[in-house]
Amino acid sequence: MSKNIVIACSKDELTRIRQFVADQLDLHKIPDLQAHKLVLAVDEVCANLIIHANNCDPINKIELDLQFTPKQIIFTFRDKGVGFDINQYDSPSMDELVSSRRQGGLGLLLVKRIMDKIEFSTEKNYNICRLVKTIG
Amino acid sequence: MVNIEIEKKEDIHFIRVTGDIDAGSSIHLDNAFKEGLETGESKIAVDLEGLVYISSAGLGVFVSYLDEFELKKIKLVLFGIQEAVRQVFDILGLEKLIDIAENEEGAIAKLNE
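Protein chains in written order, with our numbering: chain U, 1 to 136; chain Y, 1001 to 1113.
Everything labelled a hint here was simulated from the structure, so no lab data went into it. Treat each hint with caution, since some may be false.
Claimed, not checked - Computed, partial: chain Y to chain U, Cβ under 8 Å:
#: 1; residue: 1024
#: 2; residue: 1061
#: 3; residue: 1063
#: 4; residue: 1064
#: 5; residue: 1066
#: 6; residue: 1088
#: 7; residue: 1093
#: 8; residue: 1098
To be verified - With beta-carbon atoms standing in for the labels, derived distance ranges:
#: 9; chain 1: Y; residue 1: 1106; chain 2: U; residue 2: 82; range: 43 to 49 Å
#: 10; chain 1: U; residue 1: 56; chain 2: Y; residue 2: 1087; range: 26 to 32 Å
#: 11; chain 1: U; residue 1: 8; chain 2: Y; residue 2: 1095; range: 32 to 38 Å
#: 12; chain 1: Y; residue 1: 1006; chain 2: U; residue 2: 83; range: 38 to 44 Å
#: 13; chain 1: Y; residue 1: 1001; chain 2: U; residue 2: 56; range: 15 to 21 Å
#: 14; chain 1: Y; residue 1: 1086; chain 2: U; residue 2: 83; range: 33 to 39 Å
#: 15; chain 1: Y; residue 1: 1038; chain 2: U; residue 2: 57; range: 31 to 37 Å
#: 16; chain 1: Y; residue 1: 1050; chain 2: U; residue 2: 31; range: 21 to 27 Å
#: 17; chain 1: U; residue 1: 59; chain 2: Y; residue 2: 1083; range: 38 to 44 Å
#: 18; chain 1: Y; residue 1: 1031; chain 2: U; residue 2: 121; range: 35 to 41 Å
#: 19; chain 1: Y; residue 1: 1008; chain 2: U; residue 2: 8; range: 37 to 43 Å
Here a beta-carbon is modelled for each residue, glycine too, at the ideal position from N, C-alpha and C.
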């Protein structure tokens, strides 16, 4: 079964998308600590899409689809912003982040460590990012 | 939503955080650190007992000040981190970079070492 939500590309929408994902994970009885990490990964991808791919323009939208199978949860993000493949991004090391005094750079590292598979593709005018978590 | 309160107890600058820190609200945490730097604090304790959620934007605030704090000999200790939030620190290995105490007493002890 699948559930979806559409948000505007505004940081104010992050609370709403986190609540939506948390509610769905709760409905599917995903344990709290696991759910917390999955909500975080979704938040990180959305923040990245809002800020970097869509320049915080609320006219632009992000669609998130959640699909639950017996062994996997699949999170699919669709947007029309500047395409960005997380797999092509080399996360900076912690030492680099500390010495550069940068605040960014940790989000995608978290997503890579939390999710089991990350796929990126484009279809017509859409960028599609798919995160897969194996459960059970 | 995040709420941040600043409290000075003896020579320790407490930053007490409650709520959620995400890409939209991390600026408030950043401002609290900036304020601590401006007032020349040398011991900073961050109370995270009321922190329900933190994303990379908030964690990035902590990381971005480590270098400057070390240079200026400012001691930083976080305490009271809830289990769900703590696992996020663990995923990134932040406990190796940032001093973390169980509770306020432990934080004060670390700052006065």
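Verification of the hints:
1. 1024: holds, 4 Å
2. 1061: Since the shortest Cβ distance to chain U is 6 Å, the answer is holds.
3. 1063: Nearest chain U Cβ about 5 Å off; hint holds.
4. 1064: Hint on residue 1064(Y): holds, closest Cβ of chain U at ~5 Å, below 8 Å.
5. 1066: With a closest approach of 5 Å, the residue 1066(Y) hint holds.
6. 1088: holds, 6 Å
7. 1093: holds, 7 Å
8. 1098: Residue 1098(Y) check fails; min Cβ-Cβ to chain U is 10 Å, beyond 8 Å.
9. 1106(Y) <-> 82(U): 43 to 49 Å: Between residue 1106(Y) and residue 82(U), where Cβ atoms are some 46 Å apart, the hint holds.
10. 56(U) <-> 1087(Y): 26 to 32 Å: holds, 29 Å
11. 8(U) <-> 1095(Y): 32 to 38 Å: Holds, since residue 8(U) and residue 1095(Y) (Cβ atoms, about 36 Å apart) stay within the stated range.
12. 1006(Y) <-> 83(U): 38 to 44 Å: holds, 42 Å
13. 1001(Y) <-> 56(U): 15 to 21 Å: Cβ of residue 1001(Y) to Cβ of residue 56(U): about 19 Å, so the range 15 to 21 Å holds.
14. 1086(Y) <-> 83(U): 33 to 39 Å: This hint holds: roughly 35 Å between Cβ atoms.
15. 1038(Y) <-> 57(U): 31 to 37 Å: holds, 34 Å
16. 1050(Y) <-> 31(U): 21 to 27 Å: holds, 23 Å
17. 59(U) <-> 1083(Y): 38 to 44 Å: holds, 39 Å
18. 1031(Y) <-> 121(U): 35 to 41 Å: holds, 40 Å
19. 1008(Y) <-> 8(U): 37 to 43 Å: For residue 8(U) against residue 1008(Y), whose Cβ atoms are near 41 Å apart, the range 37 to 43 Å holds.
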